[in-house]
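Number of protein chains: 2
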Amino acid sequence: MTRIYFNDVVMRDGLQIEANFVPTDDKVKLVDELSECGFAKIEVTSFTSPKAIPMLRDAEEVMGRIKRVPGVEYTVLVPNLRGAERAFESKADEFNLVMSTSETHNLANLRMGREKSFAGLAEVIKYVDGRTPINVSLSTCFGCPMEGEVPQAVVEKFAQRFADLGVRGLTICDTTGMANPEQVKKMSDELQKRFPNLQLTLHFHNTRGMGLANVLAAVQSGIVRFDGSLGGLGGCPYAPGASGNISSEDAIHMLDAMGYDTGMNIPKLLQLAKELPRIVGHEVPGQVAKAGSTYTLHPEPSYVDELRRAQ
Amino acid sequence: MTRIYFNDVVMRDGLQIEANFVPTDDKVKLVDELSECGFAKIEVTSFTSPKAIPMLRDAEEVMGRIKRVPGVEYTVLVPNLRGAERAFESKADEFNLVMSTSETHNLANLRMGREKSFAGLAEVIKYVDGRTPINVSLSTCFGCPMEGEVPQAVVEKFAQRFADLGVRGLTICDTTGMANPEQVKKMSDELQKRFPNLQLTLHFHNTRGMGLANVLAAVQSGIVRFDGSLGGLGGCPYAPGASGNISSEDAIHMLDAMGYDTGMNIPKLLQLAKELPRIVGHEVPGQVAKAGSTYTLHPEPSYVDELRRAQ
Chain A
1 MTRIYFNDVV
11 MRDGLQIEAN
21 FVPTDDKVKL
31 VDELSECGFA
41 KIEVTSFTSP
51 KAIPMLRDAE
61 EVMGRIKRVP
71 GVEYTVLVPN
81 LRGAERAFES
91 KADEFNLVMS
101 TSETHNLANL
111 RMGREKSFAG
121 LAEVIKYVDG
131 RTPINVSLST
141 CFGCPMEGEV
151 PQAVVEKFAQ
161 RFADLGVRGL
171 TICDTTGMAN
181 PEQVKKMSDE
191 LQKRFPNLQL
201 TLHFHNTRGM
211 GLANVLAAVQ
221 SGIVRFDGSL
231 GGLGGCPYAP
241 GASGNISSED
251 AIHMLDAMGY
261 DTGMNIPKLL
271 QLAKELPRIV
281 GHEVPGQVAK
291 AGSTYTLHPE
301 PSYVDELRRA
311 Q
Chain B
1 MTRIYFNDVV
11 MRDGLQIEAN
21 FVPTDDKVKL
31 VDELSECGFA
41 KIEVTSFTSP
51 KAIPMLRDAE
61 EVMGRIKRVP
71 GVEYTVLVPN
81 LRGAERAFES
91 KADEFNLVMS
101 TSETHNLANL
111 RMGREKSFAG
121 LAEVIKYVDG
131 RTPINVSLST
141 CFGCPMEGEV
151 PQAVVEKFAQ
161 RFADLGVRGL
171 TICDTTGMAN
181 PEQVKKMSDE
191 LQKRFPNLQL
201 TLHFHNTRGM
211 GLANVLAAVQ
221 SGIVRFDGSL
231 GGLGGCPYAP
241 GASGNISSED
251 AIHMLDAMGY
261 DTGMNIPKLL
271 QLAKELPRIV
281 GHEVPGQVAK
291 AGSTYTLHPE
301 PSYVDELRRA
311 Q
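Protein sequence lines correspond, in order, to chains A and B. Numbering of the first sequence is given in full-length UniProt numbering, commencing with residue 1 and proceeding in unit increments. Numbering of the second sequence is given in full-length UniProt numbering, commencing with residue 1 and proceeding in unit increments.
Since the list gives no way to pick one copy over another, a pair counts as held whenever it fits inside one copy or between any two copies.
List of simulated lysine to any residue pairs, SDA-like, C-alpha gap at most 20 Å:
1) K116 <-> A163
2) K126 <-> N80
3) K185 <-> Y260
4) K186 <-> S221
5) K126 <-> Q160
6) K126 <-> R86
7) K185 <-> T2
8) K157 <-> M112
9) K116 <-> R309
10) K186 <-> G259
11) K185 <-> S221
12) K185 <-> G222
13) K193 <-> E182
14) K116 <-> R308
15) K186 <-> A257
16) K67 <-> V22
17) K116 <-> E306
18) K186 <-> D256
19) K116 <-> V128
20) K29 <-> D58
21) K116 <-> Q311
22) K193 <-> E156
23) K126 <-> D93
24) K186 <-> Q220
25) K268 <-> R278
26) K193 <-> D164
27) K116 <-> Y303
28) K185 <-> Q220
If you're looking for bench data, these hints aren't it; they were derived computationally from the structure. Note that the structure is a prediction, hence the values are computed from the model and not measured.
Throw the hints in and build the complete structure from the sequences for me.
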C-alpha cells in the first residue's frame, strides 16, 4: 500500500486571510489536535512581520506552546533572514521559503521581482547552512491569475536553482486553482524525473473544482506528498466566494477510499473539521465533514421495512 | 481530440428538490439556453405524477414550448406506462427509465422492490417497442446510503438484464456521491468490455468532493458520456448542506482545459450558470461560474508597475 504524506497548512495559509483574530489558545489547541490526527507535517505559522500578517503575530508563542508529537514535522514559513533567526529560536523542524514563478505575481504578492526574491532566499539558505531542512514553495506553477500561462520550463528553472542550493524539498503550488489534471501529470512526471532526490509536494487549490482531480493525476504520476487545508480554509483573493486550498480531509478521505495508506485517523480528522466553522465563525468548503464519510450509513425511512415485508 | 458528450439534468434532477416552483416560462427559457450552449442531451422533465413532483407538473407544456435544436437530444424521465404514453405525445427523443441497484434504496425511493421495478420497466420497454430509444439510469451503483456497499456484480446483473431487453444506453449513477476513482475505473473498464454496443453514461455527485476526480477516472477508462447539472444544482437529501450533482460547467471546463472536445460554448455556459442563483433564489455549488475560467485574467494591482519600473 503506497504511503501518502499530508502537510496541513490551515494554521498559516488557511488562517492568514481570516478577518477575525483566532486566539492563541485556540491555535495551540488546533495544532495539537492536527498532530493527533496523524498529519506527517503541519505548517504551524509564519515568521513574517506581525504588521504584515497580524493573524500570525503570536508565532513564537504558538511554537513554544504546541505539543511536539514524534513523527510529526512542524514547519514554519520563513520570508527572510530575520524570519530564519526567529524560526531557529522556535526550534521549527523545517523552514518553508516562498517565491513565485510568475514575475507579476511575485511583484504583487512579495513586492519585489523574482531575482530579488531568489537572492534573498539564497541568502537564507546559506545562513541556515544545513542546520534545518529547507523546503521551497514555488507559487503560480500552473498559471498566474494576472499573466496567464507560466511555462513549465520556468518552473523547472527555479526548481533547478533551488536544488543546486541543496534544499530538501520543493512544493509546486497551484496558487489560484488554475491547474488541470493533464498539466499536473506533465509537471509531476518531469519534476520527478529531474529531481529524484528531492521531496516533491503538490499544493492544489479547488478554485475551479479541479482540486481532487489534480490530486488524483499527481498520485497516478507517483507523487506521495500533498498540502491540504483543514476544511478547505483559505480563500482566493482574486475570486470572492470561490474555494481556496483543497480540503485536507476531502483529499485524505478520497485517497483512503482508493486504498492508499494516508496514516491518518479519519474519524478524528472529520470531527476536527466539523469544529472549524465554530472557530473561524463561518462555513468552510470541505464536503466530507458535512456529508460524512462513505462508510457513514443512514437509517432507512420507517415505511421501508413495511414495504419490504409486504412484498 | 476525443469528443465528450454531456447530458444536462438540471431541469429534472436539479429542479425536483427545489422548494419554490420555477415558472414554466423560466423553464422553457432555461432549456432553450442550455440548447444554445451545445449540450448533446438535455433531460427536460419527468412524466411522473404531478402530485409526486409538483415542480415538474408542467411537463407537457415545457416539452411543447421548447425550441428543438438539431443535434440536441431532449430526453425525459418515464416512470411507468402512463408516463410513456405522455412522453410519446410530447415527442421526446429518448425515454429515461430509473431504478436502483440497491433493494433498500429502491424501496425508499420508488416504494417498491427491485424486481417489481424491473418488471414495470420491462413492460414500458415492450410497450415502446423500439419507437423511441431507451436509456436506463441505474441508481446507487457505487454504494447505497442505507445499505452501504453495492457489489459490482449486482450492477452488472441489472445492466445485462436491460441490455437483453434492447435498451440503447445505461447511465451508471453515483446517486449519493459514494464513488471513488479506483471504483469508477474498475466499473467503467468492466462495463465497457461487457457492453461495447451500449451507450454508457456516468452520473456523479460531488457530495464528498470526488465528483471531478471520478469524471477524470472515467474518461481515463474511455467513457465519453456524462451527466452533469448546471451550477451543480440538486442536493443530497441524506446530507443537508452537502453538494449534489456535479456541476456541468465545472466538469466541462476541466475536460476542455485537458484538451477534450466537449462541443460546448463555454463562455455562454458560464454566463448561464451565473444566472441560475437568481432563477432558483439561492447560491449553487458550481465553482467556475464564481471564479471565472482559467483563461480569465485579473488586472494587476496598481503598485506592481511602479515596482517593476523601480527594479
